[in-house]
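Based on the provided sequences and hints, a complete structural model is requested.
For reference, the chains in residue letters:
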Amino acid sequence: MSGQTLAEKILSTHTDNGVARAGDLVEARVDFAFGNDVTAPIAIKTFKEAGAKKIFDPLRLALIPDHFTPNKDIASANQVKVLRDFAREFGLPYFFEIGRVGIEHALLPEQGLVLPGDVVVGADSHTCTYGALGAFATGVGSTDLAAVMMTGRVWFRVPESIKFVFKGELPRWVGGKDLILYTIGQIGVDGARYKAMEFDGEVIKSLSMADRFSLCNMAIEAGAKVGLIAPDAITEEYVKQRAQRPYRFYQSDPDARYEKIYEWDVSSLEPLVAFPHLPENIHSVSEATNIDIDQVVIGSCTNGRLEDLRIAAEILKGKKVHPRVRCLIFPATPTIYKQAMREGLFEIFTEAEAVISPPTCGPCLGGHMGILAKGERALATTNRNFVGRMGDPESEVYLCNPAVAAASAVLGRIAHPDEVMNE
Amino acid sequence: MKISGRAWIFGNDVDTDAIIPARYLNTSDENELAKHCMEDADPTFASSVQSGDIIVAGKNFGCGSSREHAPIAIKAAGVSCVIAESFARIFYRNAFNMGLPILECPELIGEVQQGDMLSVDLSTGIIENKSSSKTYHAKPIPLFMQELVQAGGLIPYIKKKMNNRS
Numbered sequence: 000m001s002g003q004t005l006a007e008k009i010l011s012t013h014t015d016n017g018v019a020r021a022g023d024l025v026e027a028r029v030d031f032a033f034g035n036d037v038t039a040p041i042a043i044k045t046f047k048e049a050g051a052k053k054i055f056d057p058l059r060l061a062l063i064p065d066h067f068t069p070n071k072d073i074a075s076a077n078q079v080k081v082l083r084d085f086a087r088e089f090g091l092p093y094f095f096e097i098g099r100v101g102i103e104h105a106l107l108p109e110q111g112l113v114l115p116g117d118v119v120v121g122a123d124s125h126t127c128t129y130g131a132l133g134a135f136a137t138g139v140g141s142t143d144l145a146a147v148m149m150t151g152r153v154w155f156r157v158p159e160s161i162k163f164v165f166k167g168e169l170p171r172w173v174g175g176k177d178l179i180l181y182t183i184g185q186i187g188v189d190g191a192r193y194k195a196m197e198f199d200g201e202v203i204k205s206l207s208m209a210d211r212f213s214l215c216n217m218a219i220e221a222g223a224k225v226g227l228i229a230p231d232a233i234t235e236e237y238v239k240q241r242a243q244r245p246y247r248f249y250q251s252d253p254d255a256r257y258e259k260i261y262e263w264d265v266s267s268l269e270p271l272v273a274f275p276h277l278p279e280n281i282h283s284v285s286e287a288t289n290i291d292i293d294q295v296v297i298g299s300c301t302n303g304r305l306e307d308l309r310i311a312a313e314i315l316k317g318k319k320v321h322p323r324v325r326c327l328i329f330p331a332t333p334t335i336y337k338q339a340m341r342e343g344l345f346e347i348f349t350e351a352e353a354v355i356s357p358p359t360c361g362p363c364l365g366g367h368m369g370i371l372a373k374g375e376r377a378l379a380t381t382n383r384n385f386v387g388r389m390g391d392p393e394s395e396v397y398l399c400n401p402a403v404a405a406a407s408a409v410l411g412r413i414a415h416p417d418e419v420m421n422e
Numbered sequence: 000m001k002i003s004g005r006a007w008i009f010g011n012d013v014d015t016d017a018i019i020p021a022r023y024l025n026t027s028d029e030n031e032l033a034k035h036c037m038e039d040a041d042p043t044f045a046s047s048v049q050s051g052d053i054i055v056a057g058k059n060f061g062c063g064s065s066r067e068h069a070p071i072a073i074k075a076a077g078v079s080c081v082i083a084e085s086f087a088r089i090f091y092r093n094a095f096n097m098g099l100p101i102l103e104c105p106e107l108i109g110e111v112q113q114g115d116m117l118s119v120d121l122s123t124g125i126i127e128n129k130s131s132s133k134t135y136h137a138k139p140i141p142l143f144m145q146e147l148v149q150a151g152g153l154i155p156y157i158k159k160k161m162n163n164r165s
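Top to bottom, those sequences are chains A and B.
Anchor point for the first sequence: position 80 equals 79 in numbering that gives the first Met the number 0, and the numbering is continuous, going up by one each time.
Anchor point for the second sequence: position 104 equals 103 in numbering that gives the first Met the number 0, and the numbering is continuous, going up by one each time.
Hints may contain errors.
As the list claims (entries may be wrong) - A short, non-exhaustive set of chain A residues, derived as facing chain B with CB atoms under 10 Å:
#	residue
1	T45
2	E48
3	T126
4	T137
5	E220
Stated by the list, open to error - Below, computed lysine-lysine pairings styled on DSS-like, alpha-carbon distance capped at 30 Å:
#	chain 1	residue 1	chain 2	residue 2
6	A	K239	A	K166
7	A	K44	B	K34
8	A	K53	B	K159
Unchecked claim - Here are the computed distance ranges between Cβ atoms for each label pair:
#	chain 1	residue 1	chain 2	residue 2	range
9	A	P275	B	G114	27 to 33 Å
10	B	T43	A	E26	42 to 48 Å
11	B	N30	A	G98	32 to 38 Å
12	A	E346	B	K160	55 to 61 Å
13	A	T12	B	K160	21 to 27 Å
14	A	P357	B	T43	34 to 40 Å
FYI, nobody ran anything at the bench for these hints, they're computed from the structure.
Heads up, the beta-carbon is just placed ideally off N, CA and C, and yes, glycines get one too.
Structure, rendered in structure tokens:
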């Protein structure tokens with residue numbers, strides 16, 4: 000019998016009989032679960048209709064109103080109220096109110112609530128972000144979340160794994176976002192459907208946690224169940240100050256079985272841009288420099304971390320956003336917000352005539368705070384560029400990393416960071 | 000269980016924003032969601048779909064978000080079944096959890112025209128195109144998923160299991 004993949008290893012430690020091989024249907028114990036203001040109201044309704052009386056563990060459930068908050072309208076306010084009332088009724092400590100709430104996929108790792116070795120289910124597709132910590136973390140629907148709230152368990156088909164080995168050295172202005180855009184461009188938006196993606200190689204081993212989160216965040220955009228990175232010293236450094244519970248590091252056995260292994264040398268990779276209307280429509284930024292833009296969005300669960308804001312500030316420092324462009328910046332959590340302020344990044348952004356938003360998913364899903372009109376075009380550090388994603392069905396979204404977004408905001412068209420930094 | 004209805008044809012990679020745009024997710028009222036079902040893929044769909052109609056689509060149907068509003072909107076719009084070449088994984092789970100029947104049948108895709116009358120036997124997976132008199136065999140639904148459907152969805156399934164344990 001061959002060894003186990005990282006995905007199999009984590010799942011097998013969460014089943015009653017200790018077994019989880021690719022293809023098995025297993026019932027796994029859940030370490031942490033959560034929903035947001037869009038998905039949790041349905042889960043709560045289902046939970047109540049099922050006659051459930053208690054949460055499997057109130058310390059392992061978070062309710063995070065981050066999508067249409069600060070409440071954009073009466074209907075949104077009512078949805079958040081469902082979460083707030085439920086949190087009070089069941090004494091849930093992890094309901095995050097405005098001023099404390101951040102974008103869920105940045106907030107939970109930052110607060111040490113999701114940890115290496117965990118099985119995490121969230122009623123949001125970008126739950127796969129925590130694979131960057133070496134957690135088996137995946138998005139589910141509201142009914143699945145309701146079931147987990149009742150039982151603390153969830154069924155999975157154990158996924159086969161595909162391994163992606165990145166070799167070489169990342170060039171300047173190229174980061175985790177570009178690695179995942181490149182990968183999706185190579186395998187397509189269903190290239191890892193139902194699978195575990197495992198990212199490895201010397202490039203990954205030296206990648207910062209912020210870049211690892213960006214990378215794993217978009218595994219779902221290739222259809223994957225999880226996107227995993229084996230935890231190491233960089234993970235330990237990030238986790239040790241934050242962890243609210245014990246955690247465990249797992250890695251794949253040397254003889255683990257992979258459905259496929261890709262090996263790419265990324266030493267000459269350029270920053271990339273995903274053209275409308277699928278994240279697989281990948282071009283290098285130099286092929287896109289004739290594309291004018293109306294709006295730039297820097298933030299989201301993909302690229303709203305402090306490191307992302309620092310990169311944007313490095314480029315925007317002493318410059319102005321192009322007169323034709325609106326540049327919106329979304330620090331992902333209150334902690335990131337405070338630190339960015341302390342470091343003087345807000346001074347740089349506001350002098351550049353960009354605007355700073357409270358933490359919210361807002362424009363990424365066409366919710367609020369930066370909706371596009373018919374025919375408008377945005378360049379965003381977010382994760383999806385589907386039809387109508389940021390507003391009118393006839394608007395367009397292009398995806399890129401924070402450096403490209405900031406440089407493009409200055410020039411009013413999609414631009415390579417070198418065009419601005421070598422002036 | 001047999002169902003029949005007119006086919007609505009969609010392409011590959013129909014995402015959840017096309018099925019139900021996020022701008023409508025400030026409610027989970029199924030009738031409200033149904034009014035905007037498939038709006039960004041076909042703005043005429045919600046007003047012309049009839050009870051029992053069947054969505055036929057290409058690969059990776061339902062990719063993107065985990066929003067259960069997607070199968071809720073489709074079901075509430077009156078759609079009886081979705082047949083696709085393949086489904087995105089979260090949509091696949093959500094559809095079964097909600098009791099929306101979905102079938103994978105690559106052979107059928109491309110051979111069905113908009114408005115064709117389809118008849119589907121969910122227990123055998125046999126699909127008949129009455130307009131072209133052709134018959135197709137969809138991939139059988141995995142046993143575990145059949146149990147979910149028989150129980151009436153995930154929550155009744157879990158309640159049954161919890162009752163058995165206690």
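Consistency of the hints with the structure:
1. T45: This hint holds: T45(A) lies near chain B, its Cβ roughly 6 Å from the closest one there, short of 10 Å.
2. E48: 8 Å, holds
3. T126: OK, holds: T126(A) within 10 Å of chain B, min 8 Å.
4. T137: 8 Å, holds
5. E220: 8 Å, holds
6. K239(A) to K166(A): 28 Å, holds
7. K44(A) to K34(B): 21 Å, holds
8. K53(A) to K159(B): 17 Å, holds
9. P275(A) to G114(B): 27 to 33 Å: 30 Å, holds
10. T43(B) to E26(A): 42 to 48 Å: At roughly 43 Å between Cβ atoms, E26(A) and T43(B) fall inside 42 to 48 Å, so the hint holds.
11. N30(B) to G98(A): 32 to 38 Å: 35 Å, holds
12. E346(A) to K160(B): 55 to 61 Å: 58 Å, holds
13. T12(A) to K160(B): 21 to 27 Å: 22 Å, holds
14. P357(A) to T43(B): 34 to 40 Å: 38 Å, holds
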